[in-house]
Amino acid sequence: MTTSTVLAAAGEVSGGEEVTFWILAPLALIGAIGMVWARNAVHSALWLVLTMLCLGVFYVLQAGPFIGMVQIIVYTGAIMMLFLFVLMLVGRDASDSLIETLRGQRIAAVVLGLGFAGLIGTGLHRALGGTAGVGLEQANAEGNVQGIARLLFTKYVFAFELTSALLITAAVGAMVLAHIERRREDRMDQVATMKARFRPGNYPGPKPGPGVFATSSSVATPARLPDGRLTERSTPEILPVREMTAEETSLKGTDK
Amino acid sequence: MTVLLAQDPTLADFGRDPWWLVLGKIVFAFVFGLLATLLGVWFERRVVGYMQVRPGPNQVGPFGLLQTLADGLKMAFKEDILPRAADKVVYFFAPVISVVCAVTALSVIPFGPMVSIFGHRTPLQVTDVPVAVLVLLACSSLAVYGVVLGGWASGSTYPLLGGLRSTAQMISYEVAMGLSIVAVFMTAGTMSTSGIVAAQASGTTLSLGGFEIPAPGWYAILLLPSFIIFFIAIVGETNRAPFDLPEAESELVAGFMTEYSSLKFALFMLSEYVAMVTMSAVTTTLFLGGWRAPAPITTFWAGANSGWWPMLWFFGKVLILVFVFVWLRGTLPRLRYDQFMRLGWKVLLPINLVWILVLAGLRSIEDWQSRDRMLATAVGAGVLLLITILWPSRQPKPKPTLQEQVDSRPPGSFPLPPLDLQVPPSPRTKRVVAEREPANIVAGSDSREV
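Top line first, the protein sequences correspond to chains A and B.
Going by numbering that gives the first Met the number 0, the first residue of the first sequence is number 0, and it counts up by one from there.
Going by numbering that gives the first Met the number 0, the first residue of the second sequence is number 0, and it counts up by one from there.
If you're looking for bench data, these hints aren't it; they were derived computationally from the structure.
Keep in mind it's a predicted model, so treat the numbers as computed, not measured.
It cannot be assumed that every hint is accurate.
[Stated by the list, open to error] Selected chain A positions facing chain B (Cβ under 8 Å, derived; list incomplete):
hint	residue
1	L49
2	M68
3	I72
4	T75
5	F82
6	L83
7	G142
8	F197
9	R223
Glycine is no exception: its CB is placed at the ideal position from the N, C-alpha and C atoms.
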């Protein structure tokens with residue numbers, strides 16, 4: 000760790016760093032492509048997690064251990080987890096539909112995507128290809144974490160606080176929009192529920208099952224209470240309640 | 000002091016080991032996790048058995064020590080069931096993620112000071128980085144994936160519900176956990192685990208209101224609120240009772256591992272116990288002075304903190320914490336889900352935030368003149384006192400008596416027995432106790448047999 004930090008600070012690329020990069024860079028790319036390619040939404044999210052983990056390791060390699068770990072904790076651990084949470088609530092079979100609504104859309108998307116990647120790649124390479132990293136040693140002079148903390152709490156403190164205020168506002172706004180206000184009086188606590196259960200007009204005991212003390216064991220036959228009355232609550236609401244005809248209740252001659 | 004300094008590994012001491020030493024340390028940490036599971040399951044069953052006045056496993060091996068091994072072997076030979084609705088790849092990888100995350104966290108735990116292994120001076124710790132505690136946090140936040148994906152990939156309802164519960168649970172309790180570590184960062188001034196252990200080496204002096212108070216080095220005492228909240232949070236984070244809602248057997252069968260069997264189930268078991276031991280080790284490192292001997296030992300034995308002895312103290316502390324985990328499981332019933340969430344968000348989080356604020360305030364007035372410092376403390380205490388006095392309090396309405404409550408019931412209510420009911424003795428239970436004459440054995444009866 001320390002050796003790689005020192006080497007990266009000197010602007011060179013050590014052997015270990017190169018090996019790690021060439022192992023993880025294809026993985027990150029596979030993750031990115033898999034995210035687009037996967038039919039299942041949860042698989043997409045998992046491919047994205049792979050890419051994010053690789054990015055976290057890249058940050059650590061480039062002498063930014065703090066941002067690397069924060070990338071893993073915040074993005075992979077919290078944000079992608081919330082994504083998964085929502086996807087699971089939606090249901091596991093929520094796959095993309097395979098019907099193409101626009102003709103030739105896929106080919107156009109692939110061509111445009113490749114072109115965009117080529118433009119960005121060559122542009123960045125031409126602009127930054129020969130540039131050597133400067134100032135990393137000064138930035139990490141008193142430790143990576145301490146350096147970031149100093150910047151965040153001195154030079155950028157206003158921007159930092161403003162961002163956090165924005166995020167808090169967004170969170171509170173979402174909660175206000177989604178929240179259903181229930182008045183204190185309307186809330187039923189356990190004591191109130193218990194009292195309502197024993198109020199006149201409500202039978203507090205368990206409901207009799209259909210067919211109890213009845214002449215037939217059919218689900219449609221209402222149960223009889225111990226005093227002989229029929230109880231409507233024992234049958235499902237969608238079933239019509241009917242009494243058996245005399246023919247139906249008469250002996251069929253099958254029993255001895 | 001020089002002896003002490005030589006013992007303490009710094010960040011510069013890491014990354015200098017030959018490859019065989021690195022491999023040895025990694026194997027040691029891994030084997031430690033496995034052995035801790037083997038013994039931990041046995042320990043838990045025995046301790047819970049003792050608490051419930053029954054023997055626990057005592058047949059296989061001495062004291063039943065090999066029971067877990069036998070269970071593990073049996074588990075390996077069970078049929079490995081793959082549900083038809085399961086997502087096969089994710090179903091396979093979920094337990095692996097759980098175990099890998101639980102074991103990886105052990106790599107930044109300091110087991111001891113600098114020791115000499117085959118002529119190499121090396122710290123008893125796989126590695127340390129400037130952000131080691133964040134590595135621990137990252138491992139615990141990635142461990143959620145194992146549970147969540149296991150629940151989702153099983154393709155049935157109970158595991159899915161268990162997975163959903165654990166997502167919300169682990170994210171909520173990670174916030175409380177992270178915030179209580181912030182207090183440790185602020186006091187220790189470093190995020191490396193060996194640095195935090197070194198910072199707890201000796202007692203400091205606190206200056207409160209102009210008085211110099213000697214304070215102990217352990218953050219468990221110095222930062223007591225953080226310690227308590229951290230421990231509650233790790234119980235929630237490791238899905239242990241009373242917070243084992245993702246696998247609540249009375250509601251969700253076995254939660255996220257309902258569909259798992261054979262070795263995959265064994266992996267989930269393994270990850271649970273390794274996570275318990277890892278979290279105990281983290282608590283030891285962050286709050287209980289790490290591998291350092293507890294206070295009274297060092298006063299009469301100077302060498303307690305050198306060589307291989309510190310591993311003994313470390314394992315002792317971890318064992319005590321694991322016992323607390325087991326104790327909690329044996330004592331407390333499982334919380335309801337909404338109570339659990341309320342505890343996390345409405346109790347632990349605000350207390351933690353206020354405590355960090357107070358701590359930051361105390362830290363920032365440390366450099367002030369003693370008169371200013373006294374003034375600041377007095378103002379803070381005064382404001383707190385005023386808030387406590389002026390806090391609007393509701394007068395509780397006088398509670399109606401039982402008789403009044405009964406009288407106020409509407410007519411036609413469910414009949415109640417009279418409140419002063421005295422159950423008369425039932426005539427049927429009356430038993431005639433015959434005053435039997437003692438069997439008289441006449442002396443003369445014996446003579447008849449002769």
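Taking the hints in turn, this is what the structure says about them:
Here the hint on A/L49 is broken, as its CB sits about 11 Å from the closest CB of chain B, past 8 Å. Because the smallest distance between the Cβ of A/M68 and any Cβ of chain B comes to about 4 Å, under 8 Å, the interface hint for this residue holds. Of the supplied interface hints, the one on A/I72 holds, with its beta-carbon coming within about 5 Å of a beta-carbon of chain B, less than 8 Å. The closest approach between the C-beta of A/T75 and any C-beta of chain B is roughly 7 Å, which is under the 8 Å cut-off, so the hint is satisfied.
Look at A/F82: its Cβ only gets to about 10 Å from chain B, farther than 8 Å, so that hint breaks. Using the Cβ-Cβ criterion of 8 Å, the hint placing A/L83 at the interface with chain B is satisfied: the shortest such distance is roughly 6 Å. The interface hint given for A/G142 is met, as the beta carbon of that residue sits about 6 Å from the closest beta carbon of chain B, less than 8 Å. Hint status for A/F197 relative to chain B: holds, with the closest Cβ pair at about 4 Å, below 8 Å.
For the restraint placing A/R223 at the interface with chain B, the shortest Cβ-Cβ distance is roughly 21 Å, beyond the 8 Å limit, so the hint is violated.
The structure shown violates the earlier hints numbered 1, 5 and 9.
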